[in-house]
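Number of protein chains: 2
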Amino acid sequence: MSALKSKAAEAQSGGDARERILAAARKSFASAGFEGAATRQIAAEAGVAQSLLLYHFKSKDALWRAVIDHMFADLNGRMDIAARRARSGTVRERLMSVIRAFIEICSEDADIHRIMTIEGRQPTDRLGWLVEKHLRDNYRAACAMIQEGQALGVVRQGDPTLLYYSFIAIAGTAFSLAPEIELVSERAVAVDPAVIERLITALLFISE
Amino acid sequence: MSALKSKAAEAQSGGDARERILAAARKSFASAGFEGAATRQIAAEAGVAQSLLLYHFKSKDALWRAVIDHMFADLNGRMDIAARRARSGTVRERLMSVIRAFIEICSEDADIHRIMTIEGRQPTDRLGWLVEKHLRDNYRAACAMIQEGQALGVVRQGDPTLLYYSFIAIAGTAFSLAPEIELVSERAVAVDPAVIERLITALLFISE
DNA sequence: ACAGCGACTGATCAATTGATCAAGATGGGG
DNA sequence: CCCCATCTTGATCAATTGATCAGTCGCTGT
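Chains A and B, in that order, are what the protein sequence lines are.
In terms of our numbering, the first sequence has 116 at position 116, counting the first letter as 1, and numbering is strictly consecutive.
In terms of our numbering, the second sequence has 154 at position 154, counting the first letter as 1, and numbering is strictly consecutive.
Keep in mind the hints are simulated off the structure, nothing from the lab.
The beta carbon of each residue, even a glycine, is placed where N, CA and C say it ideally should be.
Accuracy of the hints is not assured; some may be wrong.
Once the Cα atoms are required to be at most 20 angstroms apart in a straight line, the calculated SDA-like pairs of lysine to any residue come out as [claimed, not checked]:
no.: 1; chain 1: A; residue 1: K58; chain 2: A; residue 2: G47
no.: 2; chain 1: A; residue 1: K60; chain 2: A; residue 2: V48
no.: 3; chain 1: B; residue 1: K133; chain 2: A; residue 2: K133
no.: 4; chain 1: A; residue 1: K133; chain 2: A; residue 2: A62
no.: 5; chain 1: B; residue 1: K133; chain 2: A; residue 2: K60
no.: 6; chain 1: B; residue 1: K133; chain 2: A; residue 2: E182
A few chain A residues facing chain B, derived, Cβ under 7 angstroms [stated by the list, open to error]:
no.: 7; residue: I81
no.: 8; residue: A82
no.: 9; residue: G120
no.: 10; residue: L135
no.: 11; residue: Y139
no.: 12; residue: A141
no.: 13; residue: A144
no.: 14; residue: S166
no.: 15; residue: A169
Pair ranges (Cβ atoms, derived) [to be verified]:
no.: 16; chain 1: B; residue 1: E132; chain 2: A; residue 2: A23; range: 30 to 40 angstroms
no.: 17; chain 1: B; residue 1: E45; chain 2: A; residue 2: P193; range: 50 to 60 angstroms
no.: 18; chain 1: B; residue 1: S59; chain 2: A; residue 2: E148; range: 24 to 34 angstroms
no.: 19; chain 1: B; residue 1: E108; chain 2: A; residue 2: P193; range: 50 to 60 angstroms
no.: 20; chain 1: B; residue 1: L54; chain 2: A; residue 2: E148; range: 48 to 58 angstroms
no.: 21; chain 1: A; residue 1: V189; chain 2: B; residue 2: K133; range: 31 to 41 angstroms
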């Protein structure tokens with residue numbers, strides 16, 4: 001059976017080449033953007049031939065989409081868990097649960113915010129695909145919570161979309177712009193997730 | 001005299017080619033990054049031959065630096081004016097003056113934040129040059145104000161560097177990520193600078 | 001043992017990249 | 001009038017780009 005074959009191949013040594021390519025591609029796309037990333041460099045970093053990259057993924061575009069799928073499968077899974085965990089709590093508790101999860105994800109892997117900002121600049125078909133497949137639901141759920149909080153007088157008034165992007169900007173930038181931050185401040189900067197959480201709290205909620 | 005010659009050439013039709021190239025290059029660098037931008041496409045958008053681009057600027061790298069110089073000459077000039085305008089006011093007034101100026105700049109030209117984030121990801125020699133030549137002074141002045149406010153109990157406690165980048169992230173993202181925001185929210189989003197100002201105020205200062 | 005299949009590589013393609021060079025335009029000063 | 005400096009263009013370079021294809025290796029089922 002093909003299932004057993006691929007599993008066996010994955011177990012020994014060959015199958016993880018695909019995942020090494022995915023990991024290398026994510027780094028390149030995050031730092032150089034889609035057009036700036038070169039398939040040969042990605043393949044070299046993964047330790048495979050460039051042709052293997054296009055064997056596993058049909059094209060550079062398909063590779064990019066696979067990277068995004070891989071990234072957001074983990075992200076949205078953890079966000080859903082965080083949302084479910086605090087389902088019975090207050091609006092503030094529910095919001096803080098997903099915010100805390102998002103901060104944790106950004107602190108572990110800055111590539112997500114990097115790719116979102118680098119690809120979110122111009123409206124390509126890639127951006128439309130990303131938004132509809134992975135971002136829209138997350139956005140809707142967060143906005144619903146924000147509006148609920150605003151109706152109760154807990155969350156600051158204002159366009160929910162702007163509040164949503166403001167807290168994403170704070171949490172994401174602190175980690176994804178680390179190279180620039182360290183260069184400007186001329187010292188090693190270890191961003192504490194708890195500090196970011198406090199800033200977002202001050203931004204979002206009316207009373208401390 | 002060469003000065004008169006160049007001035008005459010600038011007056012008629014040829015001299016503004018340089019500025020058209022600069023404008024086109026800024027757009028390309030902002031949306032595609034340094035490696036993603038192509039000199040031929042920049043030249044085409046400026047309506048000139050690609051070789052003219054490398055005649056006015058020695059190389060693609062030199063063109064990038066010229067774009068940055070042109071951008072930050074305006075930015076830092078306006079920031080200095082804003083800082084000087086409120087020199088005799090309270091810490092809060094002085095901070096709000098430069099923040100208001102920064103928001104205004106971001107709302108007029110999203111390219112600045114785009115280039116800063118796209119280039120700030122990996123520590124290249126370009127980033128080091130940008131930081132030392134255009135960013136460092138701005139950062140130091142802002143941090144000094146923040147620390148002064150913290151000592152007086154007006155500004156929220158915490159790493160000044162993080163506060164600095166948080167307000168930059170909010171102001172910049174709201175405008176530079178407009179395409180993505182409109183796609184996610186499925187409507188036209190006109191960001192009001194006054195709303196951004198209110199968010200940053202909530203983030204930065206202790207009492208409203 | 002052998003045929004078959006999936007993983008993988010090296011060679012190679014046309015297209016595009018940044019860069020260089022010779023030559024043409026243009027206009028002002030002698 | 002001509003000359004010279006400046007601006008501008010088209011042709012062209014080697015290098016790199018994403019993509020394709022023929023062929024090799026190693027394993028599996030029969």
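The hints, checked one at a time:
Proximity of K58 (chain A) to G47 (chain A) is assessed by CA-CA distance (about 19 angstroms); at most 20 angstroms being required, the pair is judged to hold. Between K60 (chain A) and V48 (chain A) the CA atoms are separated by roughly 15 angstroms; this keeps the pair inside 20 angstroms, and the hint holds. A distance of roughly 41 angstroms separates the Cα atoms of K133 (chain B) and K133 (chain A); the hinted pair therefore is violated under the 20 angstroms criterion. This hinted pair checks out: K133 (chain A) and A62 (chain A) have alpha carbons roughly 15 angstroms apart, not beyond 20 angstroms.
The hinted pair formed by K133 (chain B) and K60 (chain A) fails the criterion: a straight-line CA distance of about 37 angstroms is larger than 20 angstroms. The hinted pair formed by K133 (chain B) and E182 (chain A) meets the criterion: a straight-line CA distance of about 16 angstroms does not exceed 20 angstroms. A least Cβ separation of about 22 angstroms between I81 (chain A) and chain B goes past the 7 angstroms threshold, and the interface hint is therefore violated. Violation of the interface hint for A82 (chain A) is found here, the shortest Cβ-Cβ separation to chain B being roughly 20 angstroms, above the 7 angstroms cut-off.
For G120 (chain A), the interface hint holds, the least distance from its beta-carbon to any beta-carbon of chain B being 3 angstroms, beneath 7 angstroms. Among the interface hints, the one on L135 (chain A) holds; its C-beta lies about 6 angstroms from the nearest C-beta in chain B, closer than the 7 angstroms criterion. Restraint check, Y139 (chain A) versus chain B: the minimum CB separation of about 5 angstroms is within 7 angstroms; hint holds. With 7 angstroms as the threshold, the beta carbon of A141 (chain A) stays out of range of chain B, its nearest partner Cβ sitting at about 12 angstroms, so the hint is violated.
Hint on A144 (chain A) is violated. Least Cβ distance to chain B is approximately 13 angstroms, over the 7 angstroms limit. For S166 (chain A), the interface hint holds, since its Cβ comes within 7 angstroms of a Cβ in chain B; the closest pair sits about 5 angstroms apart. Among the interface hints, the one on A169 (chain A) holds; its C-beta lies about 4 angstroms from the nearest C-beta in chain B, closer than the 7 angstroms criterion. The beta-carbon spacing between E132 (chain B) and A23 (chain A), approximately 33 angstroms, falls within the hinted interval of 30 to 40 angstroms.
At roughly 42 angstroms, the beta-carbon separation of E45 (chain B) and P193 (chain A) lies outside the given 50 to 60 angstroms, and the hint is violated. Between S59 (chain B) and E148 (chain A) the C-beta distance comes to about 55 angstroms, which lies outside the given range of 24 to 34 angstroms. Separated by about 34 angstroms at the C-beta atoms, E108 (chain B) and P193 (chain A) break the suggested range of 50 to 60 angstroms. At roughly 57 angstroms, the beta-carbon separation of L54 (chain B) and E148 (chain A) lies within the given 48 to 58 angstroms, and the hint holds.
Look at V189 (chain A) against K133 (chain B): about 21 angstroms separates their beta carbons, and that is not inside 31 to 41 angstroms.
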